[in-house]
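J.: Take the given structure of chain A and dock chains B and C to it, following the hints.
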Amino acid sequence: MLWLIPALPLAAVLLNLLVGGRLGRKGVGWLACGAVGLAFLVALRAVLRLAALPEAQRTVTDTVYTWMRVGDFSADVSFLLDPLSAVMALVVTGVGFLIHVYSTGYMAHDASYRRFFLYLNLFMFAMLTLVMADNFLLMFVGWEGVGLCSYLLIGFWYTRPSAAEAGKKAFIVNRIGDVGFILGMLILFAWGGSLNYARLFAVAPHVFAVGSTVITTATLLLFLGATGKSAQLPLYTWLPDAMEGPTPVSALIHAATMVTAGVYMVARTHVLFQLAPVSLQTVAWIGAATAVFAASIGLAQNDIKRVLAYSTVSQLGYMFMACGVGAFTAGIFHLMTHAFFKALLFLGAGSVIHALSDEQDLRRMGGLAPRLPWTHATMLVATLAIAGIPPFAGFFSKDEILSSAFASGNTAVWILGLAGVVMTAFYMFRLYILAFRGQPRLSHEAEHHLHESPPSMIVPLAVLAALSVLGGLVGPPMQEGGHAFARWLAPVFAGGEHAAAAHHAVPMAVEWGLIALSVVVALAGIGLAFRVYLQDPGAATRLRERLSGLHRTLLHKYWVDELYDATAVRFVHGTARSFWRFWDTKVVDGAVNGVGYVFEGFSAVLRLFQTGFVGTYALFFTLGVAALFLHLLRH
Amino acid sequence: MTPVPAPQLIALDWWALGAVIALSAGAMLLLLLEFVPAKPGSSRAAVLSLLTLAISAAAVFVARDARRSIFDGMFVHDGFTVFFTLLFCAIGAVSVLLSWDYVRRTGIHHAEYYVLLLCATLGMIVMAASNDLITIFVGLELMSLGLYVLVGFRRAHLESNEAALKYFLLGAFASGFLLYGIALLYGATGTTSLTRMAAFLSESPLRGNPMFVAGGLLLLTGFAFKVAAVPFHMWTPDAYDGAPTSVTAFMSAGAKAAGFAALLRVGLTALGGMPAEWGPILSAIAILTMTVGNVTALLQTNLKRMLAYSSIAHAGYILVALVAGGRDGASAALFYLAVYSFMNLGAFGIVTMLGRGREERVLVSDLAGLGFRQPLVGLAMTVFMISLGGIPPTAGFMGKVYVFKVALGAGLVPLVIIGVLNSVVSVFYYLRVTVALYMQEPQGEPTEVSWAAPAVVALLVTLALTLWWGIQAHDLLLEAQRSVMGLL
Amino acid sequence: MREYIPVLLFLLVAFGFAAGTIALSSIIVPLRRNAVKNSAYECGVVPMGDARQRVAIKFYLVAVLFILFDIEAVFLYPWAVAFRQLGLYGLVEMALFIVVLFIGYVYLLKKRALEWE
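Protein sequences appear in the order of chains A, B and C.
Here the first sequence is numbered in my numbering, starting from 1 and rising by one per residue.
Here the second sequence is numbered in my numbering, starting from 1001 and rising by one per residue.
Here the third sequence is numbered in my numbering, starting from 2001 and rising by one per residue.
Chain A on its own, in the form it takes in the complex (with noise of 0.2 Å):
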């Protein structure tokens, strides 16, 4: 029955594509919704029967078919579902339901709403193909199909040059990370013999030595693809862009689902990266550094959906700096409660844009407050989620990624990861500010068309803040032996946590200590921005003209998307030009060009065989067996 949970939003698709046009609006829009809908339904019922199970029998797999075998390898199409696809697999029809369902009011007006939905039922196909396979393949041709889904969903509005430029730019930065990927396979089946995950985590410990090259390189390459997937310095760069898509799109893909893809592969593949010391080293240092680099960039920004891009790329950090840490649990449970609230705040903006006529200059919204009171509400509670504000969902997960941090005794990353709190505090609550309180900065059209969206987008938002307040309650601190859901993942995790889990017993003191310490941090940046943005209108120019340098630093995202321009891009482009100029258009052209003349050459010879009459054709006859006996006679 698993395979059902990617068949139906296929099936929806292929229902969309031959009868999408006879079916109105109305009943697209309830195709795509019922599909994902009784995805959800369909996930829930197995991951209730699996939580039936005896804990050490958790796993599930579902062999559709052998795609093909030659000989040991095989490559089937096959599901699995474990305690960690199962947590998967509920976020992503759970939350892609709801934005399913706010996409229907958001994209009411649009001219290619039948297109959309075809799209974006196709990326929950191939995202739940990406996190339920059970072996590296069809995981891999789920990346691609998200990769694709991503592409053609942010170049949805193709007529914008500006949208299909970041609809390239997310494809071709991808690209960068699937070559990792694809090396990264290789390794591991020539080493390991399977790309089946049972099979090659069993033979994982025996084939490869502890922190040998092999498995360290197979690792990094794999990590070079999550990078991609889940913009990751130094490819994190395609991601503010893809904002360029429809705000449900950014939502759904750029957020709670897609990008976590990549945590999702390390957390699969923590086996493999447990045996590569150093990968796990990269794996924390790297997300500790995009933690820090990508809020420091929101800090400035003026775009409400790019401060959430950058968010979004500081909160995947975090999520790496746990895997990277050991701390696999806390990177899944950061997954599971960043797709919550951090959906509600794309979905929270997108209402806000919708309310003001596609405004997205945060400098010219303010005092929203009274007017959107349902965004408004739902916004704050995710506000204060991201914040790391008990008791709301982001605070446990954050809490628990830093203390894990801390006890692994990697200080330096957990310093890292301590400032990224307060910027994040910082920049969300400046977000929050200049979009909902003080005065109105409206343009008069804006002002006029002002209105609260429609109960289809409403009631995704309540439920999501309604997750955001509760989802973190599965696992709040201090529990003995681990709390519900890390008792949940234990099966998957199990080896490897309990080594992580050992040196984990910082004393209850310290602990405490810890928590008051995120806290403080995260209301001393809650304050700040209160400061800044609020109280005194004047202090933020301020502050902008005497830090002016470093404000434009930020403002231009440190120029990283000019230096790669300078350097990597240009030196592609002028290498592609000057191949184009002299080697295809010459060399190759040339060749295949020659080549064909030659062949047309002959053929025009050959057909004067041909002449049509019965005769010549007898005598070719005669000629070829008199060949034959010819050949017979000289042997």
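You may find that some hints are simply not true.
Some, not all, of what chain B presents toward chain C, calculated at C-beta under 10 Å [as the list claims (entries may be wrong)]: (1) S1024; (2) L1029; (3) L1031; (4) L1032; (5) E1034; (6) F1428; (7) V1449.
BS3-like mimics (lysine-lysine), calculated; alpha carbons at most 27 Å apart, straight line [said to hold, decoys possible]: (8) C:K2058 x C:K2110; (9) C:K2111 x C:K2058; (10) C:K2111 x B:K1039; (11) C:K2110 x B:K1039.
Calculated directly from the structure, the hints in this document are not laboratory data.
By construction, the Cβ of each residue, glycine as well, lies at the ideal position given by its N, Cα and C atoms.
T.: The following block gives chains B and C in isolation, referenced to the frame of chain A:
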């Protein structure tokens, strides 16, 4: 002379003969029904033909696991027979679907058309199922006579008459060689039964006997004519071009498969695997066939002629599998034949749909811009061309992969290199069709498409199989491997 | 192969004789051509019209049909001789054969292939 024991009526396994009986009965019934007046525009003949083919396929399918030898070993029912009977029934059925509307709009709608089609199918089945040179010859003639008439079925067209006459004359010529080969083999071994010939050969190796070798070669010549291998191919473009397009589709798939079926059975059963001295000869024919077929196709402007040369080239690829020999070579050949039949039927099937009424559009340039006006036609044609060119993810690609893999396994590196080069050349003219479909503007009046439900069904079936076997080739290959098991 | 030598000799003599006479006659023949001599020889009668005439298709049809049914008779004869040995099996087989031919015969009649005008 030992007295022939009186055969027993009851001892026959009627199920094993089911396909043959059904087809004969269906054909005769159809012939008689001609005199029961039907409503104008009735599809009686086509429906009855489909029914006959379905019963025939069902009969052989029911008895698919049985292994029988009937009529003193002249007719065998084994995996090989089952594979080819099903293939021929499928080819026949697709051809009937393609003919359904085509024969009407071109004004050749007579019950005899379907009778002859069924008879030719019957002949093909007999060729594949025979274990005796005489019955093979009977099957071959049954198939050929039906095809000669079908090729000339457009009586009002000079080209059609010319094609039929050429095909008939050269076919008779080739049959003469074949029959002479059978006679020599009989003279050398004293039997026409393939099994007894094998037994005789194992007792007294005759490898060097000139009569035996000459007989084998003449036999090879006869079959090479049927599969259109160079230099016995010259009839192909003319016959394919002049014949009604639905007949071209039928014969390009069926006659070729039947020729290879008979050649494989004779080669593997009677001659104990392809004789060693055939190796260089078959290689030479394969190289010539691939190269001449592909290179001549390059400059063709007529779609039917182009596909005719392409079908010659494909015979060359299958010959590569035969050179490799053995069970692997045979199963690769079977796989390729099945795949080739459907993609070729699909490609010709699209040609049958081009044009309205009596008008037929068969030039490559007639396809200009059609891909956008008729997306299904454009897509299907593109897939068939890609598949014929051997590009993944289509069945044609998997076919080439298996054939070349087997050939590499047999150490035929030069042959494989030539084969791959030939595939590259072939892509050039296959893609020209795609270019015409999507990148050219129609000159003059744009081509209309005659839509008809049966033809669309045929198109979808061939399209689906071409794609399915490109993704999921494993099952078909297993089937092909199982089918040749009994032969060696 | 020794036993075939007389055959070979016979062939050589036959070809030699034919070739020899033709050669001889072409050497010694007096060459005096005229229109009558160059025309086709038809039992000494002056030929009328061109010898390359179209023959009505019906002649071919009748000829082919004659062969078909003649073969039937040829097959029936040995069966009649061995009737007792072949028994029921032979009877059924021959009945099938005749039925098939008979269907063809009915078809011919209905298509009026046997009517001359």
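J.: It remains to establish, for every hint, whether it holds in the given structure.
T.: Status of the hints after comparison with the structure:
no. : hint              : in the structure
1   : S1024             : 8 Å, holds
2   : L1029             : 9 Å, holds
3   : L1031             : 5 Å, holds
4   : L1032             : 6 Å, holds
5   : E1034             : 7 Å, holds
6   : F1428             : 47 Å, violated
7   : V1449             : 36 Å, violated
8   : C:K2058 x C:K2110 : 16 Å, holds
9   : C:K2111 x C:K2058 : 13 Å, holds
10  : C:K2111 x B:K1039 : 19 Å, holds
11  : C:K2110 x B:K1039 : 19 Å, holds
The structure does not agree with the numbered hints 6, 7 stated previously, though it agrees with the rest.
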